[in-house]
Structures are given as C-alpha cells and as structure tokens.
Amino acid sequence: MTAQASTARTRYVDGAWHRLHPATPLLRGGIWLLAVLLYVGGNLREHLVTLVFGLPDVGGDPVDEIGRHDLVLPAALIVLGVILLSVGAFWLSWRASEFRIDGDDVTVRYGVLLRRTRTAKLDRIQGVRISRPLLARLVGAARVELDVAGQNANVRLEYLSNGAAEELRGDVLALASGHREAEAPEGEEPESVEAAVLTEPGTPVVTVTPGRAIGSVLLSETLVALVVIVAVVVPVLAGLGAGPAAAVSFVPVVIGSVTVLGRRIGRNLRFSVVSTRDGVRVSSGVVSTSTEAVPPGRVHALHIEQPLLWRPAGWWRVAVNRAGHAAGRRNAESERSLAPVATTAEVLTLLPLLVPDLEDQRDLLVAGLVGRGDEGDFTPAPRRARWLRPLAWRRTGFRLTDASVLARSGFLRRELVVVPDARMQSVSLRQGPLQRLLRVATVHPHVVSGPVRTTLRLVDADRAQRLFVELEEIGVGARRRDVSHRWRDLGTQR
Amino acid sequence: MTVLPPRALDAGLTGWRGVSPRLVWVEIAAVLMSAVGGAVVGAFLLLVVPVPWIGWTVLGIVAVLTVIRLVIAPRRVRAIGWILREDDLVVRRGILLSRLVAVPYGRMQLVDVNRGPVARLLGLAELRLVTAAATSDVTLPGLPEPEAAELRDALVARAEERRVGL
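Which chain is which? The protein sequence lines are A and B, in order.
Take the first sequence: its position 79, counting from 1, is numbered 79 in UniProt numbering, and each next residue is one higher.
Take the second sequence: its position 87, counting from 1, is numbered 87 in UniProt numbering, and each next residue is one higher.
Don't read these hints as lab results, they were simulated from the structure.
Just so you know, not all the hints are guaranteed correct.
Okay, the calculated beta carbon distance ranges per label pair [as the list claims (entries may be wrong)]:
1. A:G81 to B:S34: 29 to 35 Å
2. A:L80 to B:V41: 49 to 55 Å
3. A:L80 to B:L97: 39 to 45 Å
4. B:G37 to A:R453: 29 to 35 Å
5. A:F250 to B:R75: 52 to 58 Å
6. A:P133 to B:E150: 35 to 41 Å
7. B:W53 to A:L85: 40 to 46 Å
8. A:V227 to B:L97: 36 to 42 Å
9. B:G37 to A:L400: 45 to 51 Å
10. B:V41 to A:L85: 25 to 31 Å
Only part of the chain A face toward chain B is listed, based on derived beta-carbon distances under 7 Å [claimed, not checked]:
11. W17
12. V112
13. R116
14. A153
15. R156
16. Q425
17. G432
18. P433
19. V448
20. S449
To give a feel for the contact side, a few chain B residues facing chain A, derived at Cβ under 10 Å [to be verified]:
21. E27
22. V41
23. R78
24. N114
25. P117
26. T131
27. P146
28. A149
29. E150
All values derive from a computational prediction rather than experimental measurement.
All C-beta atoms in this analysis are idealised placements derived from N, C-alpha and C, irrespective of residue type, glycine included.
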C-alpha cells in the first residue's frame, strides 16, 4: 500500500485544505444569475434602442420614471450595491468551500449559513465521476463526484479546473486501490466469481411452463380488478342508456391491458433460474435476453410472496435486494422479481442456493411459507396484537436461524422475508402510540434498498428490545466472521 | 453533557448521553419558521378566498399546532440520547413515536457534520451517519461543536478499525 500511496501523493494529497475553482459559486448559482441577466437585458433592450435612435418617450416604464425624476444616481447605487453584495456573497461562499485529502479520508466542507462537513473514508469510494455541465465547460471547470455506497452519499467537489479534476481522480483512485489491495483477502476475486456463474454449466432450478406463465398473469390482481371494473361499470352505464359510448371508451383500456399482460406472459415464458457451483444465474427478457449472476453473498434480503389467487396453484414470487442494483436502478423490471412465478418445490430448492444458511431446513421454510402461530419455532405475535392486524397477526412472527433472520406475515397474501445476518447494515426499533398501548414494537434490520421491506412487526415490546440488542450483536459478530465480500465486489456491477 | 435516566423503550441499555439543552432554541426557531409559513398561507386565503372561515380555520390550526409543538419542544430535545458502545453507536429519538437505531461502526460509509444558522449561533452541530442502507438515516442534532468534531473523529477512527464489506 505504501508504494502506491507514495507515488500518488501529489498536489492534493497532503492533508491541507484546498479551495475549489474560483468560479464555483458563479457556476452553482449560475443558472439564476444567467436568468436574471437575460431578464434584465430583455427589458432594457428597448431602452438601448430608444437611446440610440432617439425614439419618443411613451412613459409609465420604471426605467424611464427613474430618468425623469433624477433618480439615476440612487438607482445606479442600488444596482451597484446588489452587484457588490452578490460578489461578496459569492466570495464568502467560495472561501467557505474547501476540501482536504489525507492518507485515509476525504473531507469536504461548504456553505456559509448552513455549514456542512462531509468525511468519507478513501477505501469506501467505489468510483470517481467527472462531469462538465455546460456553464462549467465555458470556464474550463469540472464537477468531481466520489461515489460512496449509500443513499445520497456521494462526495461532490464542485468545481475544479479540468486539469485538477483529472489529477485528483488519479490520486483518489490510486489511494483507494492501494487501500483495497492491502485489504482484499488472498485469492478472492469477486469478478471471477461472477464470470464463473455466468459461464459454468448448471442445473435448472426454476423453469416456467407455458401454463404457469399464462395462468400467473391471468390470476394477477390487476387483471381481476380490471375485469370486475368492466363487469360492473359497463352494465351500469348501459342501464343509463350510454351503452355503446361506454363500450367504445373501454376499448383503449382493454387493448392497453392486453398488451401489458401479453408482455408479462412473454417475459415469464423466457424466464429461467439455473444453479451453478458459485451462485444462481437468472435469464429473462422478451426482446433482448439478459442474463444475470446472483452469487449468494450478493443477496441482501429475500422476499417470497403468494397472492391469494395463486394459493390454489401453489405459486410464489421471489424478489431480492442486491447491492449493485440499489445504486444502478437499471432494469427495474428484473430487479423487482428474481423469479416471477415459481412452484413451492422450486422455491424450496432456490432459497438455500441464495441463502446457504437455509440448507436442509425444509421444515422451517415450509412453516415460514404456509405456517402460522409457533409452527417451525417461529416467535408469533402476541394475541393482543390482533387489534392492529385483525387477520394477519396469526401469521406474523419471526425466527432467528444460525445466520439469518426470517419474518413471516400476511394472511391473504402470504409473505416471508429472509435477511442474512452478515448483510444487515444497522438495526432500528420503533414504537408508535398505538403499539405502546398494546405493548408491541417493530424491529427493522436495515439492508440496502430494493423491493424488499425488511420489518419485523408486532413483536412483544420486551422481546423486541432483547431482539434489537441480539440482532445488533449477531450482526457485529456475523460481520466479523464474514470476510468473503469486500466492498469492491460492488464495483464489478457498474 | 448529561446522563439520561432509563426509559420504557431503551432496549435495556444504560449510560444514555443527552444532547445540549440549547437545542430547544433551534427547535423553537424551526417551529416559528413553519408557523410564519402557515400564517402567510392563512392570511393569503383570508384575503383571496371570499369565504372568510376557510382562512380563519387554517390560521387556527396553525396556531394550535404551533402551541403544541412549542410545548413539547423541550421534551423532544430531552428524549434524544446516544451511546457510544464497543461496536456501535446507538441513537434514540422521539416521544410519541420512539425510535432506536444502532449503527455498527464497521457499516458506516460517511459521517457528516451539519450546522444550520440558528444552531451555529448557539455553537451546536448535527451529526449524520450514512450506511449503505437508505433506511438507516441516523441524525444526532444538538451536539456542542467541539463534541461533534470529537465524536466524528472517533467514529471515523472506529469505522476504519472495524471496516467490513457490504
């Protein structure tokens, strides 16, 4: 690490505070300034014309009024004052914006009235982006953004001169990778894991049959709701003597729905999950087929749900939260569900592949999927919680296994959430007034954002407080043991 | 810095440290600011809408809410507590809706120190922790500036020691 670090130590990496590009405040407030100038300029245009060509004065215009009442001097002073004030404010704001890079972290501080200081560890930085908005380009400045995992967590250096930006990017990347190489465990190459998952031969886990692809869409809640609306609204309108008109107005709705449903069926048909030695491979897509690798360490939370209408058929939908997707937000469609429709048997095979801890836990999983009360050693919600969830309280419960947390809920729509201990970011415990009255609380293990909500509801208040502490201890302990996934495996998804 | 008494929902943890009582003034300023905003809306409605009771109702609601918020402001401030534990920082907030969050040092991605205009006059700062999970969102307002800087450095140092992947 020291070798890289020393070569990287240039102008900016000296632990001293550096100012940003002098035009920074102008560029940040640039749009407004430009707008004001254009507005004023537009208004003055006629006066310039008048001044040059000596056209007659029509009156009533503020600028003319000023001239007529000998207020030119005060007006000029006011304009000058405003300009001086804004220049002063810009100068103060520039003086207040500084950044510093030393061996381990980057610190940025800015703001005159609202002072903000942001410190990021160099080894947390996932990448460096340089962008040049139009105004900045005019003065040869660039915005440097240091990507850090987390919502709204980027460190922005606005603005630097082009040369400085490039130089800084080189330095930061060199420093970050220096840290990375020092930290990364021997022989572990996340990129190769992903590549292996994509190329290895595997055995199919989830294959969607045509019957299931069509049936799952036909039994979806949106379609049923649509049918009900049509079945109720059309006769009512017909009864009011507006039959043909109503029928016509429904045509576009029906055509649109059929298109959407058809696309969904198509996607389901093309869908498959294949298991390989290092993780599962998900293929989907109607027009262009996309294939994604999901190594088990990349799964931050799992959600298995069964809408009421799917219950007779025994179908489930599986969704996951993945770190790379939290940042990327591309292909939201495939992000939403890992498997759009799978049978119970397929789910029971798939889950252990995604969360290795659940291997040989068939009974537990079945209890989590369809059980209620304390089946499968789940800790059920206390009876008094029925006031908050009259139907779902019987199925609401949680269970801690050796390396993950299971949350079961939903009466009409069965749900099971799985959070691997090692992926928990933090834990919260919440209690509102009603919950306090019923002596229950909500425990929430936080994971990276995605379609899965990982809350444990209706937990007995005392148990919840113990659970909060337990989860925190488990989390810290599990993280100590888990060394296989350094942050840098995130970078491969970008 | 005060040591707070235990509460109903504190997960059995002890040694809660309170924030500066001066934070009350920041809260009051915020309440008054929003009261002014509400009053402007109410006055506008009173002037523009020909039905006067609409404007008066809005003004009345604003007044009642403002009084309630001013009355509970000191309690809200007293409810904020934090503990710097071996492996994590625990923060608690709220009286009606209690919230307790524990962030392990190893999971922290960023530490922000923010100072609003009123807080700065009182020499206070707000600490904000960011993890990879958007739901974490831990803010700890009302720290005296030197203490905030100290805590920030301590947190950054511990994050460094216990760093783990996602």
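Verification of the supplied hints:
no.	hint	verdict
1	A:G81 to B:S34: 29 to 35 Å	32 Å, holds
2	A:L80 to B:V41: 49 to 55 Å	36 Å, violated
3	A:L80 to B:L97: 39 to 45 Å	52 Å, violated
4	B:G37 to A:R453: 29 to 35 Å	33 Å, holds
5	A:F250 to B:R75: 52 to 58 Å	56 Å, holds
6	A:P133 to B:E150: 35 to 41 Å	38 Å, holds
7	B:W53 to A:L85: 40 to 46 Å	43 Å, holds
8	A:V227 to B:L97: 36 to 42 Å	41 Å, holds
9	B:G37 to A:L400: 45 to 51 Å	47 Å, holds
10	B:V41 to A:L85: 25 to 31 Å	30 Å, holds
11	W17	15 Å, violated
12	V112	9 Å, violated
13	R116	5 Å, holds
14	A153	5 Å, holds
15	R156	12 Å, violated
16	Q425	4 Å, holds
17	G432	5 Å, holds
18	P433	6 Å, holds
19	V448	5 Å, holds
20	S449	5 Å, holds
21	E27	16 Å, violated
22	V41	24 Å, violated
23	R78	18 Å, violated
24	N114	5 Å, holds
25	P117	5 Å, holds
26	T131	4 Å, holds
27	P146	14 Å, violated
28	A149	9 Å, holds
29	E150	13 Å, violated
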